[in-house]
Amino acid sequence: MKRTTIFMGIAAIGCFLMSETTTAQVGKPFIHDPSTIMECEGKYYTFGTGSGGLISEDGWNWNGGGVRPGGGAAPDAVKIGDRYLIAYGATGGGLGGGHNGRILTMWNKTLDPNSPDFAYSEAIVVASSDGHEDNDAIDPGLLLDPTDGRLWLSYGTYFGFIRLIELDPKTGMRMEGNEAIDIAIDCEATDLMYHDGWYYLLGTHGTCCDGANSTYNIVVGRSRKVTGPYMDNVGRSMLEGGGKMVIAARGRLIGPGHFGWINLGDGVQKMSCHYEADLDQSGRSVLGILPLLWKNGWPVAGENLKAGTYAIESERRGYALELAVDFVRMPGGMRGFRRDPNEPIVSIPSQTLADVAQTWPAGNIDVRLGDNMARPHQKWTIVPVPESGGTLGGPYYKILIEGTDRALAATPDAELVAVPAFDGAPEQLWRIDQLTDGTYRIMLKTIPNSDKTYALVSIGDSTPTLAAFDGDSDNSKWNFRLQH
Amino acid sequence: MIRKHKSCLLAAGIGLVLGLGLREQAQASQPYFVPATTEIKTPDSKGFIQRWMLLEPIHKPNPRNTVFVDSYLREAFATEYFKDQFTVLPKDGDKVKAGEQTLRWHALESTNYNVKLFRFADGLKKEVYGVLFWAVTVVESPSERTDVRLAVGSNSASMWWLNGEEVLLMSGDRRMVVDDCVSKRLTLKKGRNIVRGAVINGPGMSDFCVRFLDEQGAPIKDLTITQTAL
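Which chain is which? The protein sequence lines are A and B, in order. By my numbering, the letter at position 240 of the first sequence is numbered 254, and the numbering carries on one by one without gaps. By my numbering, the letter at position 170 of the second sequence is numbered 1468, and the numbering carries on one by one without gaps.
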């Protein structure tokens, strides 16, 4: 029994450490220049430089198996109607080599290589560079303009300009008579997106392909027109090298590049990229999926919640999620307004779990919201549960009262409760997505005996519940305040 | 007759040489440069200096730009490659000896805000990768100006001097970005001010852009770019 307890303790520490350091995807997520992630028949797909690609059942655990013929560099993908259009660059070798690149497109009805419908159309050339002009036709990025259905493709690398052309969304071919437009310099792996009346051009700056020393980073400019000019936050054109930072190295994940946009709706957006080097995975290039936030009209990479101990505060009122237990006063009281300013200053210890735990019931405890006093009944240790899988870009978490195994869970009638011990049941697993405004959605994996998808909601200032998520309401949004 | 014939031959020879020179210049120019003239030249609408004396690239092989750390660059830019490289005000067509290379100065005006050194070298059929470029220009200021800054973008690393004083070192594997690095506050003298730059690159598309900014960060445009001597 004691041995088991020790093992569990070590396992818990191991999980904690792993989750502290691993924020890229799990599995074998080894890829360079991942295309925009596509969902197809319940699975997720991304393709990379070279050939092939990654497949994921849940969006968190990624492994090889994707099939893309043609080789070449930095593909992209977009779904148009019931088909997928894949674009890729056939390169002459990059800087120091040839620059007579070609961009090709091809269709497939499905991305599942095991499907009987899986068959790529013959690839067709939509752009090229002659090896001497100020452009190297590789690294395509696709945008199906949601405002008018027109299809655009940006391409190019450090050799001269990034260019924009228009394709026919029915055929994937270049629109007849279309002339390429120069829209940026000194980028690689560009991509385009449309958001709230603006077109955004994402480009990768910095040094590629140097492992832990790669300085890759992703920058952005925006324009009211898809054809540009794309300007950065200080009014500098991307034709002048301008660009506002979206993401650079963070922690042990070095050199993010090749942006891809995933809009999940309800205020949840993600971005995909690769890191040139994951120092926890042999310095290999790996897939990254992160929340995408919007600040003052500019996209910026958010963070998957790191393991730690937090106060969980409602955006509605700012109250903290807590166990419904007696409030235990700390010793001492008001220190008075007119005390001697020269009296010795002492540090007062924080209230600890041991100070209060004996006052808590042994069984289930209700959960409510209250004034955030940074007390033990309000401190939640949030840790990924690797064996429980995840969702697009993130793992499932368990949410425990710090220093205990007491877990936040759902009751069969979709209310909240803190159960004495975590057992890995679906009603104890939480999906945590950072929203575009920087707050978080906290969503239960499964409600017992229900197919409803519910999130943590502040139904009253002091009353939490589980209910449908409403991205337009602060009732559905939460913040995490790190306690240590 | 014979003398005349000789004179004709000489004239024809000079013409041939000049013609070759112009053709060479034209090759270097299109469409990125035009030959510099003696006409008054001011910075462009955003303050960028387009008239420069450019030296053909010095052979400086580097297979990757990862070596461009500060200490490497300080040594590389302190090395004397040709006589009087930190003080010379060259004329168009002047030649220098840099090791085994004989290199020529070209008086050019960029047709863009940036000076595309890669295209300058490529047009002359010179090395484009693993190279070191030198650039010089003369900026005439109508009055003394204090608290100005030299703003530079360069691909790749570079060093810049104003009136003989080092004012910027731009290290690393760098892309050209407008106003990427900006000097500390400087004083532009009334009259001639000499701007000198050295740009180094391995496998990159060398270029640079240079302008002066005033105390408020606005580009200074009421300057005259006389460029040494044409």
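For the record, the hints were derived by calculation from the structure and aren't laboratory data. The model shown is predicted, which means the values in this text are computed figures rather than measured ones. Take the hints with a grain of salt, since some may be wrong.
To be verified - Heads up, simulated SDA-like pairs for lysine to any residue below, C-alpha to C-alpha not over 25 Å straight-line:
id, chain 1, residue 1, chain 2, residue 2
1, A, K239, A, I94
2, A, K258, B, S1481
3, B, K1488, B, G1470
4, A, K239, B, V1476
5, B, K1519, A, V248
6, A, K57, A, A325
7, A, K258, B, K1488
8, A, K466, A, T453
As the list claims (entries may be wrong) - If we take Cβ atoms under 10 Å as the criterion, some of the chain B residues that face chain A in the derived model are:
id, residue
9, S1343
10, N1363
11, L1467
As the list claims (entries may be wrong) - Here's a subset of chain A near chain B, in silico, CB distances under 10 Å, partners left out:
id, residue
12, E254
13, G350
14, F351
Heads up, the beta-carbon is just placed ideally off N, CA and C, and yes, glycines get one too.
Holds or violated: E254 of chain A as interface residue toward chain B, Cβ cutoff 10 Å? E254 of chain A check passes; min Cβ-Cβ to chain B is 4 Å, inside 10 Å.
Restraint status (C-alpha distance of K258 of chain A to K1488 of chain B at most 25 Å): violated, 37 Å
* Asked: Any CB of chain B closer than 10 Å to the CB of F351 of chain A?
  -> With a minimum Cβ separation of about 49 Å from chain B (threshold 10 Å), the hint on F351 of chain A is violated.
**OP:** With a cut-off of 25 Å on the C-alpha distance, tell me whether K1488 of chain B and G1470 of chain B pass.
**Re:** violated, 34 Å
(Q) Please check whether N1363 of chain B passes as an interface residue: C-beta within 10 Å of a C-beta belonging to chain A. (A) Hint holds; N1363 of chain B Cβ to chain A Cβ min 7 Å, cut 10 Å.
* Within a Cα-Cα threshold of 25 Å, do K258 of chain A and S1481 of chain B meet the stated pairing? -> Cα-Cα ~22 Å, so holds.
Handout entry: Given pair status - T453 of chain A, K466 of chain A, alpha carbons within 25 Å
Key = holds, 23 Å
Let me know if the C-beta of L1467 of chain B comes in closer than 10 Å to any C-beta of chain A, holds or violated. violated, 17 Å
(message) Run the distance test for K57 of chain A versus A325 of chain A: straight-line Cα separation, threshold 25 Å.
(response) violated, 34 Å
Worksheet item: Is the interface hint for S1343 of chain B satisfied, with its Cβ closer than 10 Å to some Cβ of chain A?
Response: Where the cut-off is 10 Å and the nearest Cβ of chain A is about 13 Å from S1343 of chain B, the hint is violated.
Agreement of K1519 of chain B and V248 of chain A with the hint, judged by alpha carbon distance not exceeding 25 Å: holds, 20 Å
* 25 Å Cα cutoff - pair K239 of chain A, I94 of chain A -> With Cα atoms ~21 Å apart, K239 of chain A and I94 of chain A stay inside 25 Å; holds.
Violated hints, listed in ascending order, are 3, 6, 7, 9, 11, 13 and 14; each of the other numbered hints is respected by the structure.
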